[in-house]
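**Student:** Those protein sequences? They're chains V and F, same order as listed.
Each number in the working numbering corresponds to the 1-based position in the first sequence with 14 added.
Each number in the working numbering corresponds to the 1-based position in the second sequence with 5 added.
It is worth saying that the hints were derived from the structure and are not from the lab.
Please note: incorrect hints may appear among the correct ones.
Straight-line C-alpha distance at most 25 Å; calculated PhoX-like pairs for lysine-lysine [unchecked claim]:
1. V:Lys203 x F:Lys11
2. V:Lys315 x V:Lys203
3. F:Lys11 x V:Lys315
Reference excerpt, derived from the structure (chain V facing chain F, CB under 10 Å, subset only) [claimed, not checked]:
4. Ala218
5. Asn226
6. Ser312
7. Ala329
8. Asp336
9. Arg339
10. Gly342
11. Gly429
Remember, predicted model here, so these are calculated numbers, not experimental data.
Think of the CB as a built atom: it goes at the ideal place given N, C-alpha and C, for glycine as much as any other residue.
Spelled out, the chains give:
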Amino acid sequence: MAVSNLRCRECDATYPLEARYACERCFGPLEVVYDHAQLAGGDVGELRRRIQAGPQNIWRYADFLPLVDGAPGPSGRLTSRVGLPAGCTPLIRADRLANALGLREVWVKNDAANPTHSFKDRVVSVAAARARELGFHTIACASTGNLAGSVAAYGAAMGLESYVFIPADLEEQKILSTGVYGTNLVAVKGTYDDVNRLCTELAAERDWAFVNVNLRPYYAEGSKTLAFEIAEQLGFELPDRCVVPVASGSLFTKLAKGFGEWTDLGLIDGSLPAMNGAQAEGCAPVARAYAAGQDFCSPVKPDTIAKSLAIGNPADGPYALDVARSSGGSVTAVSDEEIVEGISLLARTTGVFTETAGGVTTAVLKRLAESGEIDTDERVVLVITGDGLKTLDAASGTFETCEINPTVEAFEALGADRAREASVR
Amino acid sequence: MSVTVKLPVQLRPSAGGVSQASVEGTTVGEALESLFASHPELRERISDPQGSLRRFVNVYVSGEDIRFLDGVNTPVTDGAELTILPAVAGG
């Protein structure tokens, strides 16, 4: 296989492909290294055909994922013998949204269309498969909500025991849509950062695969499949710009890594898209560092309705800042009010109902369009990572319901009233 | 002041295999210096050449990140627990 070893991003120390995540020399994060030189004999056309002949899920990109034994087995978009097939989600041309914002070409990558309704199924697919390769019987995670549901579901699908740790104040929809899979659900009195610290301590004491702790190097690679899909769905072309939510900064940096790997291999031409990170003002450690010109992030205590992005101590923050700056992008924070407006704008112009994180992303796109940071002829991809049904409260108050008696007269009276209102405006 | 320092798995080989150490100090900085005195190999693992904590090292006093307190100047009381952990991404 193309995967060769783990390497520290800070000091380049190398390690075998085990369940480890931090460098013993400097504590830097470990990342998977590949040797793609021999892939398809270096023939780009052959490599494209190889990808296109793959299954309709993330395993079509198995050559770029960190499984030693390759893709886990036969699967397709709607059939599978190896757990839940993730990925191959729709990329939707969003002309009405583009018109509303004065832009030429906007695409919505709707990753809510994954098995548990968020992009986390990509990373958990990879981590759970790697956990099985490494001989683990239990998968676990610290989660802001979406990861919880995904780990619980993949545990159920693959017959692995699962433990899911969440902040106790999580949205009810996320708790219900996790517990239903029969996981061991642990609500921790504290923030996500407290949950994350607890799980980091537990990972040292338990023989479990914490997907985003000791399996993090493998897990994070799954996010690259979003970049691969965007490029493939655009006909092996790069967009000019991507607007992406930032919590830990992992998705944001891995999208850039995915585009970079394919560009290096000649599968796609051009330079890295401008990468715009999106955060909520109530938890904006990366956006603040960006605005202040810093190359590190000072941690914050989160206070925002965008709970899936509420990571106050983003470990990949420094790398996210690098990606934003080197690609000609930025990291922007928006208010809770703008987040709700963003959910509404996306829903009303595209038919896609996203959770609060997607409201953040849409609101940042709106900001960038209004500030003129986006050229009007750009091709922009808006990355929507989760489903509005998981944060329903955010949608309340964004519309009115008319209640009437069940008579034609009552309805027509309503219509007449509405027409009168319209003419007054 | 006697302080317990909990060590992450990544540091245990440099500390003779122990998972925690008992040290002396009235601040986080003093406690760490005391730790380095008994386990010299740990210094370069945790600190950069300028003597600051490396950027992927998180230190907690009774569960609170010292960056929300007073950094290495954060006072520690007798019996306090100091936890060192690598930063981990992913939510």
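**Student:** Now, for every hint given, state plainly whether the structure supports it.
**Tutor:** Now the hints, each set against the structure:
At roughly 22 Å between alpha-carbon atoms, Lys203 (chain V) and Lys11 (chain F) fall within 25 Å of each other, so this suggested pair holds. Distance check on the hinted pair: Lys315 (chain V) and Lys203 (chain V) sit about 14 Å apart at the alpha-carbon level, within 25 Å; holds. Simply put, Lys11 (chain F) and Lys315 (chain V) have alpha-carbon atoms about 24 Å apart, close enough for the 25 Å limit, and the pair holds. A cut of 10 Å between beta carbons decides the hint on Ala218 (chain V): the least distance to chain F is about 4 Å, and the hint holds.
For Asn226 (chain V), the suggested interface contact is upheld, since its CB lies about 3 Å from the closest CB of chain F, less than 10 Å. Of the supplied interface hints, the one on Ser312 (chain V) holds, with its beta-carbon coming within about 7 Å of a beta-carbon of chain F, less than 10 Å. At about 4 Å, the closest approach between the beta carbon of Ala329 (chain V) and any beta carbon in chain F falls short of 10 Å, and the interface hint on this residue holds. Residue-level restraint check for Asp336 (chain V) is violated (minimum Cβ-Cβ distance to chain F is 13 Å; threshold 10 Å).
Taking 10 Å as the C-beta contact cut-off toward chain F, the hint placing Arg339 (chain V) at the interface is violated, the least distance being around 17 Å. The beta carbon of Gly342 (chain V) comes no nearer than 23 Å to any beta carbon in chain F, farther than 10 Å, and the hint placing it at the interface is violated. Interface restraint check: Gly429 (chain V) against chain F, minimum CB-CB distance 47 Å, threshold 10 Å, status violated.
Violation of the numbered hints given earlier is confined to hints 8, 9, 10 and 11; the remaining hints are satisfied by the structure.
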